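Taken in order, the sequence shown gives residues -23 to -1, 1 to 503; the numbers are from mature numbering (1 follows the signal peptide of the UniProt record, and there is no 0).
There may be inaccurate statements among the hints.
With a straight-line cut-off of 30 Å between C-alpha atoms, the simulated BS3-like cross-links for lysine-lysine are [what the hints assert, rightly or not]:
| no. | residue 1 | residue 2 |
| --- | --- | --- |
| 1 | 417 | 388 |
| 2 | 247 | 284 |
| 3 | 275 | 452 |
| 4 | 417 | 222 |
| 5 | 495 | 260 |
| 6 | 8 | 121 |
| 7 | 388 | 67 |
| 8 | 284 | 36 |
| 9 | 284 | 33 |
| 10 | 275 | 260 |
| 11 | 140 | 247 |
| 12 | 498 | 275 |
Label-pair restraints from in silico Cβ distances [claimed, not checked]:
| no. | residue 1 | residue 2 | range |
| --- | --- | --- | --- |
| 13 | 392 | 226 | 50 to 58 Å |
| 14 | 262 | 143 | 34 to 42 Å |
| 15 | 415 | 299 | 36 to 44 Å |
| 16 | 269 | 147 | 39 to 47 Å |
| 17 | 501 | 452 | 41 to 49 Å |
| 18 | 445 | 269 | 32 to 40 Å |
| 19 | 263 | 407 | 51 to 59 Å |
| 20 | 298 | 500 | 45 to 53 Å |
| 21 | 138 | 162 | 26 to 34 Å |
| 22 | 109 | 415 | 47 to 55 Å |
| 23 | 449 | 33 | 56 to 64 Å |
| 24 | 74 | 34 | 14 to 22 Å |
| 25 | 223 | 262 | 36 to 44 Å |
| 26 | 99 | 75 | 57 to 65 Å |
No wet-lab data here; the hints were simulated from the structure.
Keep in mind it's a predicted model, so treat the numbers as computed, not measured.
For each residue, glycine too, the CB sits at the ideal point set by N, CA and C.
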Amino acid sequence: MFMFVRFIISFAFLLFFSEAAIAQIVTDTEKIFTENSNGYYNNPVQTIKAAEYLLKNAKTNNDKVKAYYLLSESKFLTDDLSESIEYLFKANFLADSGDDYYLKSLVYIAISSRCRFFGIEDRASSYIARAEDEQKLIKDEDAKTEVETKILYEKAGVLINSKQYSEAINILSSSNKILENSKESHPVLQARIRKALANASFLASDYIAAANHYQKCIDILKEIGFEFSSVAACAYNGMGQIAIKNSQYDVAQAAFEAALACNVIESWVKADVYQNLSELYLKTDNKELYSENSMKHKELSTALIWKERDARNTLITEIEKEQNIVINKDKSRYTTMFVGMLLIFAIVFIAYFVYNKKLDDEYNKFEKLLSRIEASKVITTPVLPVDEVTDKVEGKVLAISEKTEQAVLEKLKEFERGDEFTNANMSLQLLAKRVKTNSKYLSDIINNNKGKNFNAYINDLRINYIVALMQSDKKYLTYKVSYLAEICGFSSHSAFTVVFKSVTDLTPKQFINFLKKKIEKEKESA
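Using the sequences and the accompanying hints, generate a full structural model.
What follows is the structure, given as structure tokens:
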């Protein structure tokens, strides 16, 4: 009897302290995540270490989501862009199967931010919408307020990208008021909102308002010891740009030097600072420093182009994987439902079997169609434009007489000098009829003589056409990208952006901005 009582006491003692230890681990995990949820702006390397610790000691999927989220945000600031995206979608995969609506919202907002950064605006908006759905389910009022504010911040970012500055300023002002009225303070988020307000005001040419917002951003950051963070670097860069506008060149130089002195500064911000410094030294007639900073800007921008292209491809691939997972989940759900119906309604077995087989056949056709479209593209995209068609010719190489080949090539030259390729319905068959040959001959001739397939051939003509228009007529630099896409034959903004970058290594917006600056410099030097 004594031994039995002793065993019960020992077991109860062990159970009590085990539960206490588990509770302590949970508390520590939450504390580490909270402390680092904004810390990566100030010290991403430290946050990476904390996240790796969380991942190593993770007890639940939510612990892993927190670790992957922190790794993603930190890696983005250390220029490990592709790795950052991979971690973010690992967090997304685990968060989707859980019920932590706060974490889900944070992950969706982060994906929206990446999509916006890489110019995939439609996807950015869709992830914002998903974050809004999750935000409605959050019970903790402070967490709900934080997510609401971050959603508004992302919406404003999309508006700024589309040059709707007044609307963006209104949204950011609303988010700022929400934070000011909340019980808990979110200084880093407040500073980011001030920075975004400054950016929007600057782009709207309201330099006084922009300067005030940048200064308030810096003041907030100094209060919490974040004056050398990535947020501060952006603010200092903005203050320097305003000083240049006001011909306060000493002030501008000090601001740019403050930006470069920040412990954390994103490469694209650093490249922009170098470009702004070169502009400053050009205005102050310091040729040596102008050349030095121009070279730094050029070298860093070149490196960034490759990094960003790889990261963009990684983002597109991850989005496509997510879509396939959703499709497979839907298929599995339907299969389970139909199997249940089979068990319950045995009498209608034949009808069910026919219906299920038809559904499977339709789905297989859908998969084959996706594979066929995917195989014909130069750059893999999650959503493929319907105005581009494949021209893959199977079988042996056709014997084409030299006379026939030359005749077709002459007609292709004439075709290239015109603008028929801007017809969104242009296809291999339509062009074959135009040059009076058959599609197989035409495909073979294009492949052998142009060194590319029909899609690449048409896309190159379209991109070269719109580039020529932008170079020859300034009015095209003021048009929306979607309208430029339509002019040169693309029916989709996203398709145009992907193809444009694959041909020029620049996004349309980057190309337009560079061309505008070139024109301005030519005016100044004239």
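For each hint, the structure was consulted:
no.	hint	verdict
1	417 - 388	holds (16 Å)
2	247 - 284	holds (15 Å)
3	275 - 452	holds (27 Å)
4	417 - 222	violated (59 Å)
5	495 - 260	holds (15 Å)
6	8 - 121	holds (19 Å)
7	388 - 67	violated (52 Å)
8	284 - 36	violated (34 Å)
9	284 - 33	holds (29 Å)
10	275 - 260	holds (19 Å)
11	140 - 247	holds (23 Å)
12	498 - 275	holds (16 Å)
13	392 - 226: 50 to 58 Å	holds (53 Å)
14	262 - 143: 34 to 42 Å	holds (37 Å)
15	415 - 299: 36 to 44 Å	holds (42 Å)
16	269 - 147: 39 to 47 Å	holds (41 Å)
17	501 - 452: 41 to 49 Å	violated (21 Å)
18	445 - 269: 32 to 40 Å	holds (34 Å)
19	263 - 407: 51 to 59 Å	holds (57 Å)
20	298 - 500: 45 to 53 Å	holds (47 Å)
21	138 - 162: 26 to 34 Å	holds (29 Å)
22	109 - 415: 47 to 55 Å	holds (53 Å)
23	449 - 33: 56 to 64 Å	holds (59 Å)
24	74 - 34: 14 to 22 Å	holds (21 Å)
25	223 - 262: 36 to 44 Å	violated (18 Å)
26	99 - 75: 57 to 65 Å	violated (26 Å)
Hints 4, 7, 8, 17, 25, 26, counting from the list given before, are not met by this structure.
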